[in-house]
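Participant: Chain by chain, the residues:
There are 2 protein chains.
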Amino acid sequence: MADFKNDSITRQEDDFAQWYTDVCRKAELMDYSSVKGFIIYRPYGYAIWEQIQEYLNKRFKATGHENVYMPMVIPESLFQKEKDHISGFAPETLIATIGGQNELDDRLIIRPTSEVLFTEHYAKVISSYRDLPKLYNQWCSVIRWEKTTRPFLRGSEFLWQEGHTMHETEEEARTETLKMLEIYDDLGRDLLAVPFVKGRKTDKEKFAGAEETYSIEALMPDGKGLQSGTTHYFGTGFAKAFGVQFQGRDGKLTNPHQTSWGVSTRLLGAIIMVHGDDNGLVLPPYVAPIQVVVIPIAQQKPGVIPAAREVYKDLADAGLRVKIDESDKTAGWKFSEYEMKGIPLRVELGPRDIENGVVTIAKRHNGEKISVKREELVETINRLIPEIHKEMYEKALKYLLEHVTEVHSVEELNAALEKGGYAKMMWCGEQACEDKVKEMFQATARCMPFNQIAFDETCPICGKKAKKVVLFAKAY
Amino acid sequence: MADFKNDSITRQEDDFAQWYTDVCRKAELMDYSSVKGFIIYRPYGYAIWEQIQEYLNKRFKATGHENVYMPMVIPESLFQKEKDHISGFAPETLIATIGGQNELDDRLIIRPTSEVLFTEHYAKVISSYRDLPKLYNQWCSVIRWEKTTRPFLRGSEFLWQEGHTMHETEEEARTETLKMLEIYDDLGRDLLAVPFVKGRKTDKEKFAGAEETYSIEALMPDGKGLQSGTTHYFGTGFAKAFGVQFQGRDGKLTNPHQTSWGVSTRLLGAIIMVHGDDNGLVLPPYVAPIQVVVIPIAQQKPGVIPAAREVYKDLADAGLRVKIDESDKTAGWKFSEYEMKGIPLRVELGPRDIENGVVTIAKRHNGEKISVKREELVETINRLIPEIHKEMYEKALKYLLEHVTEVHSVEELNAALEKGGYAKMMWCGEQACEDKVKEMFQATARCMPFNQIAFDETCPICGKKAKKVVLFAKAY
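Residue numbers (my numbering), protein chains in the order written: chain H, 1 to 476; chain X, 1 to 476.
Accuracy of the hints is not assured; some may be wrong.
For identical chains, the list gives no copy identity; a pair is met inside one copy or between any two copies.
[Claimed, not checked] Cross-link-like lysine to any residue pairs, in silico, SDA-like; alpha carbons within 25 Å at most:
| no. | residue 1 | residue 2 |
| --- | --- | --- |
| 1 | Lys61 | Ile324 |
| 2 | Lys36 | Cys140 |
| 3 | Lys206 | Ala241 |
| 4 | Lys206 | Asp185 |
By construction, these hints were calculated from the structure, which means they are not laboratory data.
All chains should be built: construct the whole structure from the sequences, respecting the hints.
Facilitator: Here's what the structure looks like:
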């Protein structure tokens, strides 16, 4: 059907990377700025991020977290207090050296992450167990000076939230680390229709300065993994480095246990790739800034515009996010445009529909068109939204499950990685084997999934005793 | 009454500046960071900002504006394209010179404001009158490297929103400039209970690069003015400098007309000073993150906590922002604490209240206490909230009006500025006279108010023909 064709973007099978960039730009999600690696979040892209913010803010606040704002700069001297942290981040920092036309004595790192600032502040506001837990979150942008960048997936600046919490006990902090991972997993299932694998990172892949890192990992249609969010348990390392102490219930001074956790605009990359097709973006309905677009057909004919406006009003009154396009562009142009933008539902009505008391609904995710009675429209849309969400989630989940391949040998590992997706392997726990897999196949350990049912005695790489189930994949 | 006394902050009449800083810290609105001039927005302070964001986002979206996000850095070469703009901002910029451990070829200015980035982006996305207007807004933080800083009022980093719009015609852009000023004025009246004087800035005081700047000006209890928000009409200056052109309805290429407008966390300073008293912060109810605090009295007595929780639940169910404090601190401590935090209403109930079927309500803004029947509590609170808001606004308005003094001579100007507030003077329009007022009295032209009814023939400074009504004041 010509209506559904948009020739202006590269086809996925021809060049998936180019398809991705085309969608980012043609769907008007972002644009490049004049600073290499820094993108502009255009209204439509930013609106998706706002939906994610709204979901997470509700969940964070319901679990007792409070928003704060820390400075965007960190003195270099302060940054160096936690050794693993600085060595992890130093290579990719942006550093300000001039302020008010004078050379700065202590150079300022533009924040790549804010553990340092939060911990320093916590040292001031925590003195008793009564002050705990402290459950803070911050919405901001951070800078990581990257050599190669891709819209949303890897950029020199990205938007994110970073939670930083302090707890009386190790157990409570560990619970927080896993609780926030669950909230991220819920975000994927409930809002983005993106299924994640949850697991723990290997020591090689964990966050600089953390004792343990957990992550949610998504799988892209090109077979590559995308780390989509992480939570970290820090133990008392930062607290000790920054002198955060509190008087415990026993009257003794001790260090609190710390976590941090974050997701970023990288999630937009996951949404685009997991659901998109050759006609452009396909948005799951709950995260879509516009859920329904109303398009009058043969709108110059009498009665069409008023009828379309009534449809618009009914849908808006029902609390749906709806847009009407009365512009003088052709219906074909409009169809392509809103396909490209991935609006989940299109409602068309023309003179004949009006005569027959019906409207046509087109579903973006599968191209289906149905005709419904005008008076049943709102009810139908309200039924379709959860249905579409479920179908999109299940399709993505099916793809994910079909691309987890259990491997028992180097050959099978190779074949699984060639096929794309996760190679599930029993691993000895030594970094040397991880390094070897990377060297041979450019694949990394994405995570040790929570489901740790052993299926081999030995590590296929070194032949030593296997200890952990690990998922290897090529990754963004 | 001992309950209402908090001795831990400086009294306003002893040292207003110290009182202000004390409230900022003791009400836990902010804390200092280890970088001079950069503050930490603590949960309670940030929550006030979130209320402002919510109000403005609604108003901005209802008037067709869309949120976007631009890079936080601006290449120095790009910044220099508009000459007035760079000369205005250069002295107070923070400049990054090292990225990924390498010296940068084009140094990066951490954004002090984003006209440059918006205009450059607009050059790419505007080509026809059909693309206009573009009505973008951004929430972010900006850097102005300041020598002397004060919490919220003047900082090296502050949070703000910056709107940047492009229009087909001069008239439409001018309308936008004034429309956004109205929204800021509404914000003061409806949410902050802070009355503003609206007017136009003199050329000396206008924004670097603007043709015209308008502002909302608030008056602090120490007699100083506080510029609380500005809107700018740029004409086509930036558009020409950055090559933004569109094909008009007549088919000819022309430059669009531009505006920008912003308010910042400085508004928190206005709220604190306009309403605060010697017991701490006093928050107007609509902007208060917590509107009602419930305090059980003699809470160890049976039945008190359950009754207090029921009160809490009723208020929360009614949509009020409410907190209950069941901690083991004394009631006196709690009273002082929530007085300090400026929570508009306190609901107390103890064993005798429960027996009598009543609760006590204390109003923060005037210290009044009333006893109401338990079953009338929600209804009473719902009535008190708009009442308190109105009383707070009217009190502030009365103070403002009493401190606008018409002056006809240098002596009267001096006397009015000594008294505090705005000296309303007829002015010749020459910058020399503005400079002279500043030199003599350290006062600046705050604005030329919209109400321009002439009352003198000559400018009291130079004796030449008077052209404009101007408000002079000492200012933050």
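Participant: Run every hint past the structure and note whether it holds.
Facilitator: Hint check results:
With identical chains, the CA atoms of Lys61 and Ile324 are at most 25 Å apart between copies only, with a shortest distance of 16 Å across copies and 34 Å within one. For the identical chains of this complex, Lys36 and Cys140 are neighbours both inside a copy (20 Å) and across copies (20 Å), given an alpha-carbon limit of 25 Å. Taking the shortest alpha-carbon separations for Lys206 and Ala241, only the intra-copy value of 19 Å comes in at or below 25 Å, while the best inter-copy value is 47 Å. Taking CA atoms no more than 25 Å apart as the test, Lys206 paired with Asp185 passes inside one copy only; the shortest distance there is 19 Å, against 50 Å between copies.
Checked against the numbered hints listed earlier, the structure breaks none of them; every hint is satisfied.
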